[in-house]
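Number of protein chains: 2
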Amino acid sequence: MSVQDCPFCKKLADLPALREEDVVWSFPLGVAFLGPWQFYQGYCVLASRKHARELFDLTDEERKTYLEEMCLLARAIHHAFQPLKLNYELLGNQVSHLHWHVFPRYGEDPDRLSPVWLNLARAEQSPTIRETLERGSLPREEIRARIRQSLVALGAPSG
Amino acid sequence: MSVQDCPFCKKLADLPALREEDVVWSFPLGVAFLGPWQFYQGYCVLASRKHARELFDLTDEERKTYLEEMCLLARAIHHAFQPLKLNYELLGNQVSHLHWHVFPRYGEDPDRLSPVWLNLARAEQSPTIRETLERGSLPREEIRARIRQSLVALGAPSG
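Residue numbers (the numbering used here), protein chains in the order written: chain R, 4 to 162; chain C, 4 to 162.
If you're looking for bench data, these hints aren't it; they were derived computationally from the structure. The structure presented is a predicted model; accordingly, all values stated were derived computationally and were not measured. Note that beta-carbon positions come from the ideal geometry of N, C-alpha and C, so glycine has one too. Hints may be right or wrong, so weigh each one.
Pairs of lysine-lysine, DSS-like flavour, derived with a Cα cap of 30 Å [to be verified]:
| id | chain 1 | residue 1 | chain 2 | residue 2 |
| --- | --- | --- | --- | --- |
| 1 | C | 67 | C | 13 |
| 2 | C | 67 | R | 88 |
| 3 | R | 13 | R | 67 |
| 4 | C | 53 | C | 14 |
| 5 | C | 88 | R | 88 |
| 6 | C | 14 | R | 88 |
| 7 | C | 14 | R | 53 |
| 8 | R | 67 | C | 53 |
| 9 | R | 53 | R | 14 |
| 10 | C | 88 | R | 13 |
| 11 | C | 14 | C | 88 |
| 12 | R | 14 | C | 14 |
| 13 | C | 53 | C | 13 |
| 14 | R | 88 | R | 67 |
| 15 | C | 53 | C | 88 |
| 16 | C | 67 | C | 88 |
| 17 | C | 88 | R | 53 |
| 18 | R | 53 | R | 67 |
| 19 | C | 67 | R | 53 |
| 20 | R | 14 | R | 88 |
| 21 | C | 13 | R | 14 |
| 22 | R | 53 | C | 13 |
| 23 | C | 67 | C | 53 |
| 24 | R | 67 | R | 14 |
| 25 | R | 13 | R | 53 |
| 26 | C | 14 | C | 67 |
| 27 | R | 14 | C | 88 |
| 28 | R | 53 | R | 88 |
Covered stretches of chain C, as calculated for chain R (at least 3 residues, CB under 8 Å) [claimed, not checked]:
| id | region |
| --- | --- |
| 29 | 59–73 |
| 30 | 85–92 |
| 31 | 96–105 |
| 32 | 119–128 |
One chain only, chain R, in its complex shape (with noise of 0.2 Å):
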């Protein structure tokens, strides 16, 4: 996937064209964003400012701050919101550009001894369950300002 045709480096070229809620923190190398499935509340992508397919393509230096940052984004994630445990998955099968997925898991979750995916791949057969895992149980300007709150508290750089 070249820059031209890559949805995050579009997305990454023109921030202040996003809505304020779906921006949570810009770091230094990455830009975390309020993912669209906030039944798993606080869901989080970190999107890496340059493109880059696999983490080994990024410098020494440039992937130990993303992957410093990933973590520091779980933390605030877990600080916010209490979580019972945290999923990291950087997959880009569909979009080579290196993302995280941070995904909260939660007790009063029926499946959460499962992978959060094969909940979402039932959100796209439903559009019932689809609305369900959109949805979180706060807004999302709540959600996103408690995530700030946990990453100014935990002192956390931005870029």
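With chain R's structure known, arrange chain C on it following the hints.
This is chain C only, laid out in the frame that chain R set:
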């Protein structure tokens, strides 16, 4: 999950009891096991030697080391088998002891655009699918040997 009940802690406490083909590499902080699903040729699980639930439960130094080991393992798998893409996943929904799944994805896989978990869920229902996903096109010993060769070539540290 306590250390006493933890299947990874049990495994790590007695590595010599495992089949040689199952242990790919002992890093200073993690141990790489050859995973069961060798349809994803080179699939490894990198377990932390330290029992911890989340990445931020490690010290800064431990976390950096563990993440670098994960990236180096991914790079070695890529070097050995040239997959289309790598998937890096740390879930722990069932066993909350830090372990990375590193899944290489290949062009011949008709489901290459989806997370592996959809296929793996099918394997739970069907012995035929299970067998297909377990069996690689090379013997496990050979897959292990190739990843090890790549790790040596990349100067991977052992511990």
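Here is what the structure says about each hint:
| no. | hint | in the structure |
| --- | --- | --- |
| 1 | 67/C to 13/C | 24 Å, holds |
| 2 | 67/C to 88/R | 20 Å, holds |
| 3 | 13/R to 67/R | 24 Å, holds |
| 4 | 53/C to 14/C | 12 Å, holds |
| 5 | 88/C to 88/R | 26 Å, holds |
| 6 | 14/C to 88/R | 22 Å, holds |
| 7 | 14/C to 53/R | 39 Å, violated |
| 8 | 67/R to 53/C | 21 Å, holds |
| 9 | 53/R to 14/R | 12 Å, holds |
| 10 | 88/C to 13/R | 22 Å, holds |
| 11 | 14/C to 88/C | 29 Å, holds |
| 12 | 14/R to 14/C | 44 Å, violated |
| 13 | 53/C to 13/C | 12 Å, holds |
| 14 | 88/R to 67/R | 23 Å, holds |
| 15 | 53/C to 88/C | 29 Å, holds |
| 16 | 67/C to 88/C | 23 Å, holds |
| 17 | 88/C to 53/R | 17 Å, holds |
| 18 | 53/R to 67/R | 14 Å, holds |
| 19 | 67/C to 53/R | 21 Å, holds |
| 20 | 14/R to 88/R | 29 Å, holds |
| 21 | 13/C to 14/R | 46 Å, violated |
| 22 | 53/R to 13/C | 40 Å, violated |
| 23 | 67/C to 53/C | 14 Å, holds |
| 24 | 67/R to 14/R | 23 Å, holds |
| 25 | 13/R to 53/R | 12 Å, holds |
| 26 | 14/C to 67/C | 23 Å, holds |
| 27 | 14/R to 88/C | 22 Å, holds |
| 28 | 53/R to 88/R | 29 Å, holds |
| 29 | 59–73 | holds (count 5) |
| 30 | 85–92 | holds (count 5) |
| 31 | 96–105 | holds (count 3) |
| 32 | 119–128 | holds (count 3) |
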